[in-house]
Amino acid sequence: MKKSVNRQIAAVHLTSRIGQTIVAVLGVTFGVSMYIFMNSFMNGVNKAQDDMAFSSMSHIRIFNENSVRSYNPVEGFLPSTQTIFTIRNHKVMQYTDGIKNTLEIISFLEKQPEVTGIASQLNFNVFFRSGSKKISGLLSGVEVINEDKLFDNSSKVISGKWMDLNYQKSGIILGCVLAENLGVKVNDNINILTSDGISKNFVVTGIIETSVKQVDKTKAWLNISSARQLLTKNQDYVSDILINIKDKENTEPFLSKITPVVPYQIESWQVASQQLVAMTKIRNILAIAVSLTILFVAGFGIYNIMTMTINEKIKEIAILKATGFSGHDITVIFLSQAAIIGFIGSVVGVVLGYGISTLVNQVPFEIAGLSTLPIYYRYQDLTLSIAFGIATTLVAGFLPARKASKIDPVIIIRG
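Going by the working numbering, the first residue of the sequence shown is number 4, and it counts up by one from there.
These are computed hints drawn from the structure, not numbers from a lab.
Remember, it's a predicted structure, so these values are computed and weren't measured experimentally.
Where hints are given, some of them may not hold.
Below 30 Å or equal to it, Euclidean Cα-Cα: the simulated DSS-like pairs (lysine-lysine) are [claimed, not checked]:
id: 1; residue 1: Lys249; residue 2: Lys103
id: 2; residue 1: Lys103; residue 2: Lys152
id: 3; residue 1: Lys188; residue 2: Lys164
id: 4; residue 1: Lys236; residue 2: Lys114
id: 5; residue 1: Lys251; residue 2: Lys220
id: 6; residue 1: Lys188; residue 2: Lys137
Taking the hints into account, I'd like the entire structure generated from these sequences.
Structure, rendered in structure tokens:
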């Protein structure tokens with residue numbers, strides 16, 4: 004019975020000063036809507052950047068990097084302490100070239116439950132020549148089907164077909180900017196010149212746009228068997244093994260699992276693209292900071308309104324306590340008001356935030372493969388926004404409610 008009376012009194016307080024109630028609700032509404040918009044926008048930016056980055060970058064890369072060690076080769080072989088030996092400009096013979104035992108490594112990786120895709124590549128620097136034009140760039144020999152599964156290149160080809168590389172061994176696909184700079188189109192011939200002086204003609208079977216300018220400007224793709232023939236390498240020769248896993252954010256456990264087995268350098272995308280990781284974290288921190296600041300301001304406004312309400316109704320509170328209402332009841336009455344304000348403001352804020360995000364998602368933004376400003380919704384953000392909105396109002400209403408519960412009715416009534 005008393006709980007029902009407490010709720011009725013809370014409702015009367017809210018409706019008796021409807022202007023103050025609306026202002027408090029609007030404060031929460033604005034805070035929650037901005038929280039949703041900021042998070043949706045930042046999530047959209049992060050997702051757009053990830054999509055562009057992972058259009059040509061795998062989650063994990065295996066490669067063989069032969070580095071020259073900085074030491075004197077005669078040291079240790081001539082122990083005399085009275086004679087100084089030195090060798091200048093010494094050369095290190097590289098007996099390993101590329102990745103050996105490719106089939107065994109891929110077979111091992113395919114058995115791992117975390118793996119969603121594997122593709123071998125043969126990457127090397129070349130000169131692209133068309134007429135008098137000569138441009139340096141990167142030629143990537145790929146397993147056509149596996150490469151498409153990893154990066155969905157078929158959807159990025161703007162002229163020609165990606166799968167033609169699987170059937171036309173003399174075919175090559177160029178980045179869109181590279182093709183433009185060379186002045187070629189589909190079915191035109193270009194010449195490839197390797198660093199060893201090997202030259203061969205290829206037919207342009209497609210033009211691709213990855214939205215990553217550096218890739219579109221300098222890279223071309225051909226069938227990996229054609230790349231091996233161009234370099235006169237055996238049929239198992241690859242320079243890189245690219246791997247995608249189910250959870251790209253959780254690469255460390257997988258790395259620790261395969262590192263003892265694979266005798267080559269293994270690099271996660273977090274290491275390869277530290278700038279991408281840093282920028283994503285900064286944007287997330289910024290979005291949270293702005294959203295929480297807005298909610299804090301809204302909570303401070305509710306605190307002021309609740310304090311004003313208590314000061315205005317101090318005699319009514321004294322009468323309630325004199326008629327048998329406990330301090331706990333008074334606290335419940337004012338916290339109920341805060342909870343109602345928080346709930347209404349949060350629900351309206353979710354609707355408003357979703358509406359603002361939808362409108363922003365229609366704003367034209369022609370850059371880097373985007374057509375509109377990026378927005379990405381996550382259901383957990385909606386739940387968190389309502390929880391934050393109600394929690395903020397409860398915290399803001401607790402101190403005034405506690406103050407009201409400690410009012411001495413005798414002192415107030417005596418005046």
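Status of the hints after comparison with the structure:
no., hint, in the structure
1, Lys249 x Lys103, "holds, 26 Å"
2, Lys103 x Lys152, "holds, 24 Å"
3, Lys188 x Lys164, "holds, 13 Å"
4, Lys236 x Lys114, "holds, 28 Å"
5, Lys251 x Lys220, "holds, 27 Å"
6, Lys188 x Lys137, "holds, 16 Å"
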